[in-house]
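So the protein sequences, as listed, match chains P and F.
Residue numbering for the first sequence follows my numbering, beginning at 3 and increasing consecutively.
Residue numbering for the second sequence follows my numbering, beginning at 110 and increasing consecutively.
Careful, some of the hints might be misleading.
[What the hints assert, rightly or not] Okay, derived cross-link-like pairs now, BS3-like style, lysine-lysine, Cα gap no bigger than 30 Å in a straight line:
no., chain 1, residue 1, chain 2, residue 2
1, P, Lys504, P, Lys490
2, F, Lys186, P, Lys551
3, F, Lys186, F, Lys299
4, P, Lys564, P, Lys551
5, P, Lys551, F, Lys162
6, P, Lys330, P, Lys118
7, P, Lys223, P, Lys303
8, F, Lys299, P, Lys564
9, F, Lys186, F, Lys162
10, P, Lys458, P, Lys490
11, P, Lys601, F, Lys186
12, F, Lys299, F, Lys209
Calculated from the structure, these hints are not laboratory results.
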Amino acid sequence: MHASHFFLSAFIYLGAAVLLVPIAHRLGLGSVLGYLIGGAMIGPFVLGWVGGTQGEEAMHFAEFGVVIMLFMIGLELEPARLWRMRGPIFGLGGLQVLLTALSVMGIAMAFGLESKPALATGMILALSSTAIVIQTLQEKALLRTDGGADSFAVLLFQDISVIPMLAVFPLLAASVSKMEHHGWLHELPHWAQPLVTLGAVVAIVIAGQFFVPRGFAILAKTGLRELLTAAALLLIVGVALLMTEVGLSPALGAFVAGVVLAGSHYRHELESNLEPFKGLLLGLFFLAVGASLDFSVIATKPLLVASLVIALITLKALVIYVIATVLKIRGSHRWLLSLALAQGGEFAFALLSMAIQQEIIEAETARLLVAVVALSMAITPLLFIIYERILAPRYTAVSREQRAPDRIDEHAPVILAGFGRFGNFVGRFMMSQGVKVTVLESDPDHVDMLRKFGFKVFYGDATRLDLLHAAGIDQACMLIIALADQAKVARLVAEVREKFPKLRILARAHDYDQRFELMSLGLAAEDAVHEQMGSAQELAVRALRALGKPAYATERAARRWKRYDEETVHLLVPVHEDEDAYASIVRERRIALTQLFEKDLAELPDDSDAGWEIERAEEK
Amino acid sequence: MASVLVLYAHPAPHKSRINRRLAAAAREVAGVTFRDLYEIYPDFLIDVEEEQKLLKEHDVIVFQHPFYWYSAPSLVKEYLDLVLTYGWAYGEGGTALQGKLMLQAISAGGSEEVYCSQGRNRFTIRQLLAPFDQTAFLCGMRYLAPHIVYSANQLADAASIQPFAQRYARLLAALRDETLPLELAASAEKINDLIPA
Chain P
3 MHASHFFLSA FIYLGAAVLL VPIAHRLGLG SVLGYLIGGA MIGPFVLGWV
53 GGTQGEEAMH FAEFGVVIML FMIGLELEPA RLWRMRGPIF GLGGLQVLLT
103 ALSVMGIAMA FGLESKPALA TGMILALSST AIVIQTLQEK ALLRTDGGAD
153 SFAVLLFQDI SVIPMLAVFP LLAASVSKME HHGWLHELPH WAQPLVTLGA
203 VVAIVIAGQF FVPRGFAILA KTGLRELLTA AALLLIVGVA LLMTEVGLSP
253 ALGAFVAGVV LAGSHYRHEL ESNLEPFKGL LLGLFFLAVG ASLDFSVIAT
303 KPLLVASLVI ALITLKALVI YVIATVLKIR GSHRWLLSLA LAQGGEFAFA
353 LLSMAIQQEI IEAETARLLV AVVALSMAIT PLLFIIYERI LAPRYTAVSR
403 EQRAPDRIDE HAPVILAGFG RFGNFVGRFM MSQGVKVTVL ESDPDHVDML
453 RKFGFKVFYG DATRLDLLHA AGIDQACMLI IALADQAKVA RLVAEVREKF
503 PKLRILARAH DYDQRFELMS LGLAAEDAVH EQMGSAQELA VRALRALGKP
553 AYATERAARR WKRYDEETVH LLVPVHEDED AYASIVRERR IALTQLFEKD
603 LAELPDDSDA GWEIERAEEK
Chain F
110 MASVLVLYAH PAPHKSRINR RLAAAAREVA GVTFRDLYEI YPDFLIDVEE
160 EQKLLKEHDV IVFQHPFYWY SAPSLVKEYL DLVLTYGWAY GEGGTALQGK
210 LMLQAISAGG SEEVYCSQGR NRFTIRQLLA PFDQTAFLCG MRYLAPHIVY
260 SANQLADAAS IQPFAQRYAR LLAALRDETL PLELAASAEK INDLIPA
């Protein structure tokens, strides 16, 4: 590929993403649908800017994004947690793959397909799209809900089940002579092949446990950040290569590697290094899926394609719904699970092209299926929207975005925004002092848990003025903002100051800079409280006492230090945007602070006749 | 054998010369419970129930502290305010402290001479300690004359302080062994001279 050509393609892909994803996001459609639409538009059947073999290349390349994604999911799943998921993975996942494959096979045979191609079709369509489902679940913060976690478990089983499917496919080939044996693995005796596969997985586990962390440690010492990024990519590419070699799915291998490294020190480093690659490649992947939508097939048989897509989604959703009902998965989670997994998956493309090669399925049927699968994937974000807007609201406490704010039926003089790690101390203490506090918290799971503990907490986003109105802000005398998100705190302070200038606002400040910001918005210095200074000082006092410093003197020193720091903040407010003036004041104050404590610090030498006792008390 | 509770109060022990050494000596006396109030309550949040329990368990209560502004450091006042409650230490049903002994061990900046009607401080230390005396009286305790180290700021080195520390330790031992002449100790100006050598 010429460089200019490469740049042109890159420009088109990136341009489609940058233009369409924000629009889709703005319309509440989610980023995945934005990518898919963008892909369809630049694809061969609309604008024709990308496509053909080059589009397929992009797709293959972008599949690496799915591999990275699975690696990163593995990073967040420690083996113990994974082990706890074994029930849903094998129960739910196993049933889903088995029953969907058999149902599709039955229907295909009813429509006149022979048993072998019907079985192949069943297996291919039983798979769902890991990439789209997980990306959408993450984006909508549903991955950690019960429905989201079960969806993930099923997807994991599907990824595992690709292995036996790949093994079974050659057996379904119309003529045995067409069986394509490739690679050294197939030259081994039959009993040895699973051993090699198993050996590869064990190798990943051992390497991940022992060698990779050491390697990272050595690289980390160089201080070259990009080396760690390169090493992370190298690791995943290596795993993907190894897995492909032994006939396993690269995504599955990457997942295993991720799980093994979940406990390592480098987990967060790996995550932050890989995050941009994952995002970009997944985006490219969705663009490529969009571009691969074969509108010619759709155009020639629109009714057939449409009815097949609807049939596929309905059937898959129905199968999961039935299984979920049998397994007593409740309420909205059952709906989420059914709709999330109702599409065909990206593995279908690979399996279908294999099926064509091995003459299991006729080329025309396969192309039809590709179109159906791709369309079903494109429709998935819409299914999520149906779930969020129509189904989830019927059940309580489900979706972060869709759960309606609670009706606030009592008005207290104090409104507390946020009851998380910070706000809960504020609220609990104030309540213990008999002050009535209306608490607003935006994490629905947290709200439900707090209610179990007997706290009266209202669900809702406190940064919404209408909710503050509902909480009685016009009658309250105080708003305490204990939100973790700095930007939200500042925005809320600004808005509330403007609308309710007389209301006393106390806010949690992330750091000195945010204190300055909040003070510039009109908060009193003592009302913009540093979120960590108190506890950090407490720890320091503990430490000093453990070192043998007298308790009361240390306690007093801490308070003096705090007062001194407060004075410094007052001095810094007017100059906090002038870096030099700021630095010079900080320097001066540090020196003065040292002098302030110097006298107190000196222990009295045995033969000295100066000291606190004499000066203050005994010259009477 | 009497049980002795020493309640030590010094806000800046690292700046102390006399009290630090006296405290160290007191800790060594067998049968004495030693409590460093500023170390236990740097936040002034006195655990009243715990302190009452300790007071009840002991026969002799010694407040050891420097003589700040003719009185005790502020934590001692906080202690008396909170721990000696009505209905427990005094008043109706307040008999918890009945019959116990109470005294103070103080270090004073001035010499013995300045603490008299003609001196700069116009009163004797015993006179200045009247509020403590009366507190003990109201709670049914017998108030003994204070142990006093005078001219604390003249005592510079360890060697000159050591005899006082030893004397203080002997006082605590005598209180424990109940060998002090209590009548004399109650009426004396200071307990210093009644301590067995």
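Hint-by-hint comparison with the structure:
1. P/Lys504 with P/Lys490: This hinted pair holds, its Cα atoms lying about 20 Å apart.
2. F/Lys186 with P/Lys551: At roughly 24 Å apart (the allowed maximum being 30 Å), P/Lys551 and F/Lys186 satisfy the hint.
3. F/Lys186 with F/Lys299: 22 Å, holds
4. P/Lys564 with P/Lys551: Answer holds: P/Lys564 to P/Lys551 is near 18 Å, not above 30 Å.
5. P/Lys551 with F/Lys162: 28 Å, holds
6. P/Lys330 with P/Lys118: 34 Å, violated
7. P/Lys223 with P/Lys303: Violated. P/Lys223 to P/Lys303 sits at ~61 Å, over the 30 Å cutoff.
8. F/Lys299 with P/Lys564: 44 Å, violated
9. F/Lys186 with F/Lys162: 19 Å, holds
10. P/Lys458 with P/Lys490: 23 Å, holds
11. P/Lys601 with F/Lys186: 27 Å, holds
12. F/Lys299 with F/Lys209: Satisfied, since the Cα-Cα distance of roughly 19 Å is no more than 30 Å.
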